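Protein chains: 2
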Amino acid sequence: MNYSNRITKIQEKLRRKKIDALLVRQPENRRYLSGYTGDDYGIAESSGLLVVPARGNLHLLTDFRYKLQAEKDVPWSTIEIYNRGALKLLCNLLPDIGVEKLAFESHYTLFSTAEKLKTSLGKKNIKLVPVKGMIEKMREIKSEEEIELIRKSVRLNETVFGEIFSEITSYQTEIDIRLAIETLMRRKGAEGASFDTIVASGENSSLPHAVPANSPIQKNESLTIDMGLILDGYCSDMTRNFVPGKPDKQYMKLHRLVRKAQLAGMAAIRAGIRCCDADKAAREIIADAGYGINFGHSLGHGVGLAVHEQPGLSSRSAKKLYPGMIVTVEPGIYIPGWGGIRLENMVVVREDGCEILNEDTTWLDI
Amino acid sequence: MNYSNRITKIQEKLRRKKIDALLVRQPENRRYLSGYTGDDYGIAESSGLLVVPARGNLHLLTDFRYKLQAEKDVPWSTIEIYNRGALKLLCNLLPDIGVEKLAFESHYTLFSTAEKLKTSLGKKNIKLVPVKGMIEKMREIKSEEEIELIRKSVRLNETVFGEIFSEITSYQTEIDIRLAIETLMRRKGAEGASFDTIVASGENSSLPHAVPANSPIQKNESLTIDMGLILDGYCSDMTRNFVPGKPDKQYMKLHRLVRKAQLAGMAAIRAGIRCCDADKAAREIIADAGYGINFGHSLGHGVGLAVHEQPGLSSRSAKKLYPGMIVTVEPGIYIPGWGGIRLENMVVVREDGCEILNEDTTWLDI
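Chains V and C, in that order, are what the protein sequence lines are. Numbering-wise (my numbering), the first sequence opens with residue 104 and increments by one. Numbering-wise (my numbering), the second sequence opens with residue 104 and increments by one.
These are calculated hints, taken from the structure and not from any lab test. Among the hints, a few may not be true.
Pairs count within a copy or across copies, as identical chains cannot be separated in the list.
Only pairs whose alpha carbons sit at most 27 Å apart, straight line, appear in this in silico BS3-like list of lysine-lysine [stated by the list, open to error]:
| hint | residue 1 | residue 2 |
| --- | --- | --- |
| 1 | K170 | K356 |
| 2 | K227 | K116 |
| 3 | K120 | K219 |
| 4 | K191 | K227 |
Source: prediction; values computed, not measured.
Let the sequences and hints guide you as you build the complete structure.
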């Protein structure tokens with residue numbers, strides 16, 4: 104991956120904004136700029152942060168536990184180990200490398216941390232500037248190298264789905280299926296699931312974010328499987344919906360309606376179109392059939408190093424799509440007491456349309 | 104679980120501080136006060152937040168996707184669904200319930216979110232007050248009901264470890280073992296692992312936070328397994344170290360040294376002792392043997408709804424231990440190029456000493 108190119112772009116931005124350095128703590132941003140794979144335990148327990156100076160070499164700050172990992176992943180950076188917290192190290196490092204104005208990620212820095220930074224760095228005459236989404240903005244548009252990695256992630260996800268689907272009737276409960284899926288993901292080389300796999304049957308599927316249950320799956324009820332994995336850092340995300348036994352008429356009708364909406368959404372996606380218009384293309388189909396109120400979420404979201412990232416295909420977003428963006432297209436209908444149907448593919452935005460990354464067609468056109 | 108008792112305590116605190124309500128977003132705090140099990144995808148994608156008014160009923164704010172989950176988990180709260188973001192809903196709700204002064208968790212609120220809150224609520228003449236660790240402080244001391252849940256989590260974790268250990272030579276790689284462990288955890292009813300399971304053999308074990316590798320495990324090298332699970336919301340955390348084949352003299356010497364340090368640490372722990380003194384009791388043993396520099400982390404940390412919580416048994420913490428606190432005791436020695444040994448148990452602080460929650464004794468006294 105061309106990290107130096109990415110860093111150069113950030114450095115140019117910093118110089119234009121007359122900022123001396125950027126502090127990067129958001130894990131996917133950190134990985135995007137450096138390849139560092141250290142795992143955080145939530146926002147409060149960081150495995151390290153980057154200092155990207157407007158000129159000069161990248162600094163990776165971490166603690167003793169991650170030293171070897173950092174050296175392995177980012178040998179070309181200056182690795183600094185803190186023993187008494189990152190803040191103390193920053194107070195020493197930043198004046199040394201001539202930083203007077205430091206930008207920090209205001210959307211990934213806790214309020215209390217920012218206050219502490221302000222106080223401590225203030226004493227060193229360093230000014231703090233909140234910035235938001237600077238690297239996320241870059242991450243929205245994927246290079247062909249990244250698209251290929253995401254394609255591999257999508258395909259592996261489909262392989263896992265296919266193997267599980269082929270023996271679906273051998274599983275007793277939603278939890279069994281989730282476990283089989285997430286085990287197979289790792290066995291096949293994924294770093295893990297990109298989110299908690301959703302397996303929801305019957306009524307439980309009327310919760311878009313259902314938690315898999317331990318009760319027996321009913322053969323003639325619909326089954327939603329929403330799954331994704333992380334391969335070489337890049338995420339996939341796919342939803343299929345089917346009936347292990349025999350679907351009834353209502354199911355067939357709604358499934359076809361959701362699929363029609365998905366096809367309309369995918370047909371609308373191309374460079375230059377607004378996110379809200381992509382959403383609208385799919386939503387109209389569902390609304391016109393009288394189920395508008397049952398489609399309570401956006402049409403889709405960006406996928407990359409994070410499983411949910413920009414752009415969001417929301418009815419409220421006038422943002423335009425650009426070539427190289429990767430988004431999910433996932434309309435759904437959820438009826439409390441009955442169940443839900445959602446179908447989700449991932450697509451790459453291209454100049455004249457979109458490229459569907461999925462090859463799997465299980466129960467799409469029924 | 105006695106949620107109303109917990110909420111009453113928070114409400115008393117709020118009234119003493121003349122605060123009208125507390126906004127709770129930190130997932131374990133949210134679960135602690137309400138039992139709500141909604142899963143967040145990191146800090147930026149919340150599955151809901153609580154408004155705890157100084158007087159009156161709890162409000163749980165969430166979006167459409169989590170409505171049924173919220174109703175199932177917290178039927179006794181007032182559930183409010185936001186369609187256009189939590190902020191808009193707060194702007195309407197807070198004046199309605201007479202809130203003029205709102206506390207927010209400054210250690211779990213992003214800087215940019217706090218700024219937005221300030222601006223929007225300011226227009227409604229609502230003042231924001233940052234508070235830090237109010238609920239975490241309560242969570243430090245576990246009730247006997249919680250201790251029993253944590254004991255069950257520890258025991259299930261040991262059962263999983265025991266089954267894997269009994270067939271340890273049948274696994275080829277660190278990744279194989281991790282997968283077998285995490286699969287078995289779920290099969291046996293855990294919600295999942297409480298952190299990414301560490302399986303590190305030989306040199307890789309000199310990284311305290313090693314990532315499991317795909318290379319074959321050498322029979323005569325040391326193997327570190329650091330694993331924990333979540334059962335009914337409560338975490339466990341345990342580390343064992345052993346050699347699948349025949350350990351050499353150096354290994355035996357260092358293993359016994361680490362165990363001696365662990366025993367000294369556990370012997371020191373009782374109500375009233377300072378965290379740094381517990382750490383010191385173990386650290387001295389290792390330092391006196393000349394390996395002080397190879398024990399680069401704290402002796403332990405609190406465990407409860409979160410796998411890492413207060414108190415930390417750190418050489419820099421003068422905090423005192425109280426009955427009902429649960430901490431890990433996990434000294435280690437890490438030698439780059441050779442490997443590492445860490446042994447970890449969980450204990451409950453009692454008036455006159457500590458109660459060891461672990462029953463497993465695999466390779467502790469060799």
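Quiz item: Which numbered hints turn out to be false for this structure?
Solution: none
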